[in-house]
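**Student:** Here is how the chains run, residue by residue.
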Amino acid sequence: MSFSLAKQSVLGLTRPVLKYNLPSAPVAVARSFATEAPVKKTKTFQIYRWNPDKPAEKPKLQTYEVDMNSCGPMVLDALIKIKNEMDPTLTFRRSCREGICGSCAMNIGGRNTLACICKIDVDAKPTKIYPLPHTYVVKDLIPDLTEFYAQYKSIEPFLKQKTPELERENLQSIEDRKKLDGLYECILCACCSTSCPSYWWNSDQYLGPAVLMQAYRWMIDSRDQFGPERRQALQNPFSLYRCHTIMNCAKTCPKGLNPGLAIAQIKKEMALE
Amino acid sequence: MALRLTASPISRAAPALRLAAAMRSSSGVNTRVYFHASRTAAATGQTSGDVTDVYKPVVYKIPAPNQMHGSYHWDFERLLSVALVPLFAASAISGAHPITDGLLGVVVPIHAHIGFDAMVTDYLHPGKVGVLGNKSINWALRGATVLVLVGCYQFNTSDIGLTELVKKAWEA
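So the sequences go chain by chain: A and B. Each residue of the first sequence is one higher than the last, beginning at 1 in the working numbering. Each residue of the second sequence is one higher than the last, beginning at 274 in the working numbering.
Hint data in this document are derived by calculation from the structure and do not stem from the laboratory. Treat each hint with caution, since some may be false.
Here are the simulated BS3-like pairs of lysine-lysine, each with C-alpha atoms no more than 30 Å apart in a straight line [claimed, not checked]:
| no. | chain 1 | residue 1 | chain 2 | residue 2 |
| --- | --- | --- | --- | --- |
| 1 | A | K58 | B | K441 |
| 2 | A | K60 | B | K401 |
| 3 | A | K153 | B | K401 |
| 4 | B | K401 | A | K54 |
Since we're looking at a predicted model, the values are computed, not measured.
Next comes chain B alone, as it looks inside the complex (with noise of 0.2 Å):
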């Protein structure tokens, strides 16, 4: 008599893990696996699996190494918030200069840029606000950095510039 695995407790108990098998074979490695029956229910408008479906394991791919994204650009990072520390202390100390005042407005921008550009990563990533999306923002970020760059050498050139501006309102 042939034994019908179908029958099984294990495989009666779960369904949702032979349905996010199903999936998972169907749709290639590096997929997400839902394993909220509703949702893959509601995808494939499938209920019930089958004992042949196989467990494909999930891969992780890495991607491809570059240092300028990786390792250079964290130590970029940490060179401009050091620098801004010595900056900061000449302003405040010895009041305007035009190579502070225009070395702030190089490092500030830029160092604001960067921290913009991890938050975008962190949260406006394509997954979550589609391609098109994340490079829209990202372009628009960068937009707006130049923008500040330029607005800034304008402002150290033709009035006051930096320092001269926080003291004013600060003062005011």
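In isolation and in its complexed conformation, chain A is listed as follows (with noise of 0.2 Å):
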């Protein structure tokens, strides 16, 4: 005999599901739970677009009206959805979703900041999403980070040594270990360089925060030999010396680091050599 535990109209059939009567069987129904439409929400945002293939048009500000209903709580998850739903020529980067890689580093509400790892205010105002300022943009909210990256290259970000390479691996102590950390997470993403006013105004000479965090994370690495020499680099007005203590840079840190600290670390090793 077979029976279904599940309502006639549920099955679509004519017959009756209970071959054998027994009144005394509990008979499951498929119940269905009474529930309200759920309330509509909608959450604005207004992103700024511009596109290279059409260089003549200002960059403007389109507003997307997202329903936070089936939205997940993070700005990457709108603007995804904005892109698979509503506009398939809104173009950013991403890549982890997770607040690891720095692909998505933009300027949420007037912070820069990782887009998966913002989140998103579900209150009535509209939020405004830029590209990272003062930069140049090569399309809606993606900015060209090439000086950024040169600028990396230059303080040499790799161990070096004078002395002739060990048969065995470098050695470091426990509390030599300990004084990279704050300084190793970093994952370059740009948020605290593109939020110093010193760096908008001159970042063709001064290095910007995070390149000088890495200065440091690799001066005061025990195993590395050239601290001299990284220290010597940044002697002239511009490299370090434009640093204010403004500290834009570790308010905005999306990883919680704190370049401005690492930058008068540098100062005082080098204004004590």
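Hints in hand, dock the two standalone chains.
**Tutor:** Structure follows, in structure tokens:
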């Protein structure tokens, strides 16, 4: 015998489901919970748009209404939803969606952060999304970070040693390794450098907090033997000393790092050399 | 059948990139790259590029190290700032004295000069006002500092002195 615990109408059958009438048999009925229609929650996003294929058109803010009931909690979820459902031409960088690759760095609500870990503020005010400030824009929300990467390359961010290579590993004590905490976690998203007014006005000569923090990371690495030379490279009015401790960098870092402190440590080491 | 690379979606979709690369490769290493295609199009009259444009990496040149402009300058600036604290305190507490007045007449103008110099370096660099503009502003600043130094000296020696001046202005 076959019986189903489902309601007859659900199965689309016309014969009785229960072959044997068992009055005492508990008959489960497919229950449908009566729910109210979900409250419509829309969030407005105003997103910077510029198309290099139509360069004469000025950049503009385009408004999108996103249904928050079917959208993930982060701004990147909303951007992807917009791109999937509303406007496929919206262009932005993204990769890991977990705040570790640094691709989706952009200015959200006036603050530089990663879109994938920036929670959408569901109150009524529209959220403004801009590319990273004072950068050349490739398209929509994509900044040109060529100079940023060139500056990073210029500080030689790799271990440099004078003594010949050992047969074994470069040993480092636990205390020395602790000194690197808070420095090595940088994902080079460029949020801090593009939040620094000194970097805005002098990005061609000032290295910026991200690059300087990485310079410091190599300076205080106990295994690196080129510390004095690294500091010597910063002996000019611009590379390091355009920092005026504005501290926008520490405020905006999406990973919670403190480039301003690292820069202050460099200044201290250079002053005492 | 030869595949025409120029028909690929990548080369079609990124005229700005290739244009910028063209600008870069033609004008040397340490040049600005303009991504706004409108600017590059206006500059070169070119509105489309070619896959043969090689993307040359931007090389960032660090200027020759000079400790006078680097850490010594920074040390000196902080030294002056720190020195101003006891100077002002001494003036405020024990009133006018030729030594404190003399020192104030030297330290304050130099401190102000360094501050203004930082502003000029930040905002009025050659890229913005031209090499001539930057040079003239720097010399104007030096001239002004010299004038203030001379003025303070004159005021301290042949007039009431800086601390007395502040006192009089305060109580006026």
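**Student:** Check each numbered hint against the structure and report the violated ones by number, ascending.
**Tutor:** 1
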